[in-house]
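All residue numbers for the sequence shown refer to this note's numbering, where the first residue is 79 and numbers rise by one.
These aren't lab readings, by the way, just hints derived from the structure by calculation. Built from N, CA and C at the ideal position, the CB exists for glycine as well. Hints may be right or wrong, so weigh each one.
As the list claims (entries may be wrong) - Below, simulated DMTMM-like cross-link-like pairs (lysine to aspartate or glutamate); rule was C-alpha separation at most 20 angstroms, straight line:
id: 1; residue 1: Lys131; residue 2: Glu175
id: 2; residue 1: Lys141; residue 2: Glu168
id: 3; residue 1: Lys131; residue 2: Glu101
id: 4; residue 1: Lys141; residue 2: Glu167
id: 5; residue 1: Lys116; residue 2: Glu80
id: 6; residue 1: Lys131; residue 2: Glu168
id: 7; residue 1: Lys145; residue 2: Glu112
id: 8; residue 1: Lys105; residue 2: Glu142
id: 9; residue 1: Lys116; residue 2: Glu168
id: 10; residue 1: Lys131; residue 2: Glu102
id: 11; residue 1: Lys145; residue 2: Glu162
id: 12; residue 1: Lys146; residue 2: Glu112
id: 13; residue 1: Lys116; residue 2: Glu175
To be verified - Label-pair restraints from in silico Cβ distances:
id: 14; residue 1: His86; residue 2: Asn143; range: 15 to 25 angstroms
id: 15; residue 1: Asn143; residue 2: Glu181; range: 30 to 40 angstroms
id: 16; residue 1: Ser160; residue 2: Glu139; range: 35 to 45 angstroms
id: 17; residue 1: Gln158; residue 2: Glu181; range: 11 to 21 angstroms
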Amino acid sequence: MEILLVPHPILRQKANKLKSITEEDIKIANQMMEAMIKAPGVGLAANQVGILKQIVTINFEDKENNKKANYILFNPAIIQYSEETVVMEEGCLSLPEQYADVER
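With these hints in hand, go ahead and build the complete structure from the sequences.
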């Protein structure tokens, strides 16, 4: 699975919400997880591999507690958030070797 790089036009397109999760969607998500870990990265959206579906993979690492967890999200949505923000340096697999401080 190839990770697309900027300025590929699909990276600017809106992904489609899944009406149901199929075996093919699960296969795509697992392939995305493999590609993200191999890259290496901590997050990957399906449009970054040329697929306009709302699928996201995340590799979360809790360094304080020495724990790691991988997540696959279908149709992700923010349902609650804190007023508190944090600024951290982030990168993007579609923009290799470029990093910026991002407030979240």
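**OP:** Any hints from earlier that this structure breaks? Give me their numbers in increasing order, please.
**Re:** 1, 6, 8, 11, 14, 15, 16
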